[in-house]
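Asks: The chain contents come next:
There are 2 protein chains.
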Amino acid sequence: MNFDDLLHDPGEWLNSAPTAHPVVISSRVRLARNLVNHPFPGWAKKAERIEVLHRIKPALLSLPALEHSFGSDMNELSPVQKQILVERHLISVEHAGKGVGSAVAINAPATISIMVNEEDHLRMQALRPGFDLDSAFDAISLVDDQLDAQLEFAFDSDIGFLTACPTNVGTGMRASAMLHLPGLVLADQINQIIQSVNKIGLAVRGIHGEGTEALGNLFQISNQTTLGESEYDILRRLKEIIHTVIKHEHNARRKLVSEKLATLRDQVGRAYGILCHSWSISSKEALNLLSLIKLGLDLGAFPKEFRREVDALMTTSQPAHLQKLTDEKLAADERDRLRAFIIREKLKSFPSPDTSSFGEEQAASA
Amino acid sequence: MNFDDLLHDPGEWLNSAPTAHPVVISSRVRLARNLVNHPFPGWAKKAERIEVLHRIKPALLSLPALEHSFGSDMNELSPVQKQILVERHLISVEHAGKGVGSAVAINAPATISIMVNEEDHLRMQALRPGFDLDSAFDAISLVDDQLDAQLEFAFDSDIGFLTACPTNVGTGMRASAMLHLPGLVLADQINQIIQSVNKIGLAVRGIHGEGTEALGNLFQISNQTTLGESEYDILRRLKEIIHTVIKHEHNARRKLVSEKLATLRDQVGRAYGILCHSWSISSKEALNLLSLIKLGLDLGAFPKEFRREVDALMTTSQPAHLQKLTDEKLAADERDRLRAFIIREKLKSFPSPDTSSFGEEQAASA
Numbered sequence: 001m002n003f004d005d006l007l008h009d010p011g012e013w014l015n016s017a018p019t020a021h022p023v024v025i026s027s028r029v030r031l032a033r034n035l036v037n038h039p040f041p042g043w044a045k046k047a048e049r050i051e052v053l054h055r056i057k058p059a060l061l062s063l064p065a066l067e068h069s070f071g072s073d074m075n076e077l078s079p080v081q082k083q084i085l086v087e088r089h090l091i092s093v094e095h096a097g098k099g100v101g102s103a104v105a106i107n108a109p110a111t112i113s114i115m116v117n118e119e120d121h122l123r124m125q126a127l128r129p130g131f132d133l134d135s136a137f138d139a140i141s142l143v144d145d146q147l148d149a150q151l152e153f154a155f156d157s158d159i160g161f162l163t164a165c166p167t168n169v170g171t172g173m174r175a176s177a178m179l180h181l182p183g184l185v186l187a188d189q190i191n192q193i194i195q196s197v198n199k200i201g202l203a204v205r206g207i208h209g210e211g212t213e214a215l216g217n218l219f220q221i222s223n224q225t226t227l228g229e230s231e232y233d234i235l236r237r238l239k240e241i242i243h244t245v246i247k248h249e250h251n252a253r254r255k256l257v258s259e260k261l262a263t264l265r266d267q268v269g270r271a272y273g274i275l276c277h278s279w280s281i282s283s284k285e286a287l288n289l290l291s292l293i294k295l296g297l298d299l300g301a302f303p304k305e306f307r308r309e310v311d312a313l314m315t316t317s318q319p320a321h322l323q324k325l326t327d328e329k330l331a332a333d334e335r336d337r338l339r340a341f342i343i344r345e346k347l348k349s350f351p352s353p354d355t356s357s358f359g360e361e362q363a364a365s366a
Numbered sequence: 001m002n003f004d005d006l007l008h009d010p011g012e013w014l015n016s017a018p019t020a021h022p023v024v025i026s027s028r029v030r031l032a033r034n035l036v037n038h039p040f041p042g043w044a045k046k047a048e049r050i051e052v053l054h055r056i057k058p059a060l061l062s063l064p065a066l067e068h069s070f071g072s073d074m075n076e077l078s079p080v081q082k083q084i085l086v087e088r089h090l091i092s093v094e095h096a097g098k099g100v101g102s103a104v105a106i107n108a109p110a111t112i113s114i115m116v117n118e119e120d121h122l123r124m125q126a127l128r129p130g131f132d133l134d135s136a137f138d139a140i141s142l143v144d145d146q147l148d149a150q151l152e153f154a155f156d157s158d159i160g161f162l163t164a165c166p167t168n169v170g171t172g173m174r175a176s177a178m179l180h181l182p183g184l185v186l187a188d189q190i191n192q193i194i195q196s197v198n199k200i201g202l203a204v205r206g207i208h209g210e211g212t213e214a215l216g217n218l219f220q221i222s223n224q225t226t227l228g229e230s231e232y233d234i235l236r237r238l239k240e241i242i243h244t245v246i247k248h249e250h251n252a253r254r255k256l257v258s259e260k261l262a263t264l265r266d267q268v269g270r271a272y273g274i275l276c277h278s279w280s281i282s283s284k285e286a287l288n289l290l291s292l293i294k295l296g297l298d299l300g301a302f303p304k305e306f307r308r309e310v311d312a313l314m315t316t317s318q319p320a321h322l323q324k325l326t327d328e329k330l331a332a333d334e335r336d337r338l339r340a341f342i343i344r345e346k347l348k349s350f351p352s353p354d355t356s357s358f359g360e361e362q363a364a365s366a
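For the protein sequence lines, the chains are A and B, in the order given.
Position one of the first sequence corresponds to residue 1 (this note's numbering), numbered consecutively onward.
Position one of the second sequence corresponds to residue 1 (this note's numbering), numbered consecutively onward.
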């Protein structure tokens with residue numbers, strides 16, 4: 001499978017059905033693993049990293065989940081290709097900076113992705129659309145078991161899996177869900193929610209993980225601790241909190257409908273008006289406005305069959321995805337114009353938002 | 001003629017033809033006059049102001065220009081009515097604050113308006129659509145002559161007409177033109193132009209005169225000095241400068257079309273998108289966006305027959321005009337919603353902006 005085949009489809013986890021979860025975009029579980037007797041990638045010499053990659057590759061190729069998959073050494077990917085994988089959440093920002101001795105393997109539906117020699121020898125993740133952490137965990141556990149049978153992982157019977165960074169030691173697991181929280185943002189309650197979630201030991205981050213900005217009202221909630229708790233306990237606690245945040249988001253949306261209907265209609269209407277008629281738009285503004293269209297969809301302002309298009313635009317309007325459309329190297333302002341064009345063309349098929357139904361829709365779903 | 005008749009029509013000077021001047025919205029000449037042997041309004045006691053008003057009224061009633069006119073003592077107008085007259089540039093902001101002893105008379109087409117006991121005993125102005133200072137001057141001079149025949153004006157043969165404020169002494173004339181300068185604003189050249197105009201002794205102000213903000217890219221250019229120069233010289237100098245500013249505005253627009261076409265299309269497109277789909281909009285934002293629609297019209301993005309509607313919206317979307325539509329007292333947020341509704345409804349008849357023709361249109365008119 002080559003790179004373009006991988007991109008042909010937005011990936012199963014991005015391919016949201018009209019019945020997609022209105023708050024949780026996707027669920028993800030990643031495991032960090034390292035081989036015994038090999039230095040962590042950050043300490044290893046180039047030759048040592050290459051040796052580790054050579055040991056891991058045959059094991060990856062034997063995985064049933066990776067049949068007909070896409071695989072590449074990082075030095076063989078162009079900067080644009082790397083950035084596209086980042087924009088699709090298939091590799092980390094850090095991994096995009098890697099070259100010789102690092103690699104990535106991604107299964108055909110783009111639901112499993114394995115980074116070799118990122119911060120650890122192995123960073124493997126499973127992605128699922130909607131709120132489905134259990135199935136993501138099951139999928140990546142299967143991969144973990146199959147690799148464990150062929151590779152010897154660094155493991156301490158007292159503390160668990162050993163990792164390059166102490167924050168991953170133990171389970172080596174980071175489970176996360178990407179939540180779309182426009183209600184909490186518009187109602188100005190998001191910071192309060194973030195603080196509460198942080199207080200109980202979970203992390204809230206922007207769309208590309210640690211240290212990134214919250215764009216498009218998208219927030220990742222994940223476990224912070226990997227030590228002293230079983231995978232099941234971590235997942236149970238995380239799911240509980242996510243359920244609570246979902247409830248708060250629904251409450252915030254209901255409250256906006258009942259108390260700030262004009263503001264809500266105004267926000268959705270303006271987002272639609274700007275996206276239909278702008279000739280230049282930054283990736284950041286596009287994400288923020290598409291988020292409002294998505295909220296409008298959830299509240300019944302657009303027919304449900306348009307959800308897929310909006311979700312796809314949130315990815316395809318990202319810089320590297322735009323760059324991929326043309327052979328010439330685009331400057332930032334050229335990308336902004338191309339982005340505006342693509343969004344305008346897509347939104348041509350959308351009807352004007354019918355925000356008159358906000359009240360009833362919300363009442364029906366309440 | 002009652003107040004509502006006056007409002008029925010936007011007033012001849014606002015009733016822009018499809019062939020209206022693309023830069024100069026309106027021209028205005030006002031004269032300040034005072035009766036001899038009566039203290040200026042600011043120093044006068046209430047009884048003295050009433051006496052002046054009683055002396056002036058019969059003279060006004062005899063004016064042929066004011067036949068079938070609207071006239072009222074200021075204390076008989078409601079705050080909303082006063083504010084509407086301000087929004088139509090028929091009285092000054094200061095005059096709206098006046099009560100017993102002050103009055104206003106406005107001819108039926110709303111092209112002549114006379115304030116009694118504003119800062120001076122008489123402030124009379126003639127308004128004209130487009131760039132037509134001469135005809136405005138002729139109209140108000142005729143009124144001046146006819147009043148002069150009945151009232152004795154305070155006049156000094158050395159310095160000219162005496163006025164309450166020294167800045168008006170001499171001719172007592174302030175001639176001004178309202179210019180729509182979106183090109184200079186978008187090209188970031190407006191401050192430079194303002195400074196140059198100021199340097200040669202003319203004033204540039206916002207849409208409601210002295211000390212007001214420049215909204216909707218509208219600027220008033222007027223003479224500063226009234227002493228030592230004849231009316232004709234003042235007008236000649238003012239017209240010269242306005243011609244120069246018009247040329248700069250056209251150059252700026254041409255340059256935007258040739259060098260920043262995407263920005264221009266983006267600005268006009270977004271303005272249209274927001275005005276068509278917002279559910280709440282402030283008077284300030286509405287004016288600024290309508291200004292961009294107006295620029296779009298000038299450049300051929302909309303059929304010329306829509307000009308009248310855009311120009312009318314710039315006035316009818318002002319706070320007091322909105323308040324007039326309903327019997328209930330509107331809060332600011334209610335006005336913002338009503339304004340958005342009215343603009344949305346009006347723009348429904350507009351086609352989407354066809355900015356693809358910007359290049360050719362401009363080339364054709366260049």
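Honestly, the hints are just simulated from the structure, not real lab data.
Incorrect hints may appear among the rest.
[Unchecked claim] Pairs of lysine to any residue, SDA-like flavour, derived with a Cα cap of 25 Å:
no., chain 1, residue 1, chain 2, residue 2
1, B, K247, B, N288
2, B, K348, A, K255
3, B, K348, A, F341
4, B, K284, A, L261
5, B, K57, B, N75
6, A, K46, A, L215
7, A, K260, B, N75
8, A, K284, B, K329
9, B, K348, A, D354
10, A, K255, B, F341
11, B, K348, A, T263
12, B, K260, A, E345
13, B, K348, A, F153
14, A, K260, B, P303
15, A, K348, B, S349
16, A, K260, B, I342
17, A, K255, B, E334
18, A, K348, B, S157
19, B, K329, A, L261
Asks: Could you work out which of the previously given hints the structure breaks and list their numbers from low to high?
Replies: 2, 6, 7, 8, 13, 14 and 18
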